[in-house]
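Chemist: These protein sequence lines are chains A and B, in that order. According to my numbering, the stretch in the first sequence is residues 1 to 274, in order. According to my numbering, the stretch in the second sequence is residues 1001 to 1221, in order.
A portion of the hints provided could be inaccurate.
Simulated pairs of lysine-lysine, DSS-like, Cα-Cα distance not exceeding 27 angstroms [unchecked claim]:
1. A:K121 x B:K1158
2. B:K1078 x B:K1184
3. A:K161 x A:K76
4. B:K1176 x B:K1135
5. B:K1184 x A:K161
6. B:K1069 x A:K70
7. A:K121 x B:K1078
8. A:K70 x B:K1158
9. A:K230 x A:K121
10. A:K70 x B:K1184
11. B:K1054 x A:K6
12. A:K75 x B:K1184
13. B:K1069 x B:K1184
In short, the hints are calculated from the structure, not lab data.
Chain by chain, the residues:
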Amino acid sequence: MAADVKTAQPLQYYRKFIEKDVRPDERTLEEFRPTVLNIGCVTTAEGSALVKLGNTTVMCGIKAEIASPKTEEPKKGYIVPNVELGPLCSILFRPGPPGDQAQRLSQFTNDVITHSCCINKEDLCIVPGKYVWVLYCDMVCLNYDGNISDACVLALLAALKNTSLPKVVWDEDTETIETDHNTTTQLNIICEPVSSTFSIFDNEVLLVDPTVEEESLSTGEVTIVTIDDKICMIRKPGGSPLTPQQLDLCINRSFIRSQEVIRLIQETLNSVDR
Amino acid sequence: MKMSEQKSGSQNVLRLMVCEMAHLSRPDGSATTFQGDTCVMTSVYGPTEVRMAKEQIDRTTVEVVYKPKSGLPSCAEKSLENIICNTCENILLGNAHPRSAINITVQEVQDSGSFTACCINCCCLALLDAGIGMKCTMAAVNCCIDNEENIIVDPTRKEEEQSQAVLTFAFDSKDKNIITVITKGKYSQQQFQKCLVLCRDASDSVFKFYRETMEKKLSKT
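Could you put the whole structure together from the sequences, leaning on the hints where they help?
Modeler: And the structure:
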């Protein structure tokens, strides 16, 4: 019976739950889904991580390549994030070139890296003006069940923390470089950006960490990226108007989430080391 | 532009806004808006025929195309298109024209700071010119936090580049609630609230500007 109501009248079905301050998957309105993190699962990549946020699964691999820098910034390397949403993860996506959402997400992850300044791009320099590292950060969605942006940012951060680059020696006489894969150095991550997404239900109720059904019924979305006790990005592209008080609630919740996530990453990294 | 040079005394004054409406003859509505030296041109067609794939049975589909001054649109432009599209969708009476589309084209003419805000304001004016049913109007205001932690409302491009954070807000005219927030750069929660209050106050002058522009347009005919 409940399943019939859900198919025929999804909005009413959700309203009945939200009246009682609970969601159909037994979460409260401000509760995230269980988050599972696996770091360093792809051994052929320089750094990797697998994130499961409920059913949403994102795999991030970081591949380092050597390239020549821009002439105007001879000491800076590049970071190229790319999000892939293929037909593997949901019926919403078709094979072929990246769709609008994938492009938006790639831009979002790129913005997170640039605005948080979590990597000093000069650390990626090998020989100024000649050789720098390019970090290709490929995020592949394996299972799409809502809130993909949080999962992508978490996977990216965890993978970057796992990244170590091989040592490169520059031979001045022959003007060539030699890569030593046996000695590697850990990439220095300056700060830890964490993203939290809220969806707006019925123009006023805020739901943390929406599933794909909640996203399809939502009337708006807010994504907040925080670093420790600072805000790094707020992204609310249209949707239902919010009062400043509601926005404040979101910000406070995202600060709490940020602490939880950083603890999770730390615990996972410690267990990997052992 | 003169206003921006004078505004060092009181920092929450917007640069001079100028708008020309209905200067394109083919679109249903058009507007060119200047905010200081920043200039955006927008045209609106609609309600018009919708592509089958994008048809929505209960409301109109809003499509935004953003044209940069030079080069091909990339991911960043796609992101801006999405912001403008969702923001406009929210103020339009979408249910009034089901199975139809409203096409908005935004052409960058000159970016001298506060560009996103200018795009949103220009779209709102073009929609007003097209006479499409709207719930309310919206006003976007940009501000930035400079390295001495001062808040500058409606910054120029140079001020934006030298700042630690740039924030863009869009408010509705009904309750002045926040439709859109886009921020870049690090800042604290207190700074965010200060920026919000300043921009919310500054949005009054944008709404006043809309009214004056419409009065001017209607008195002509």
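Chemist: Hint by hint, which ones does this structure get wrong, listed from lowest number up?
Modeler: Violated hints: none at all, because every hint is consistent with the structure.
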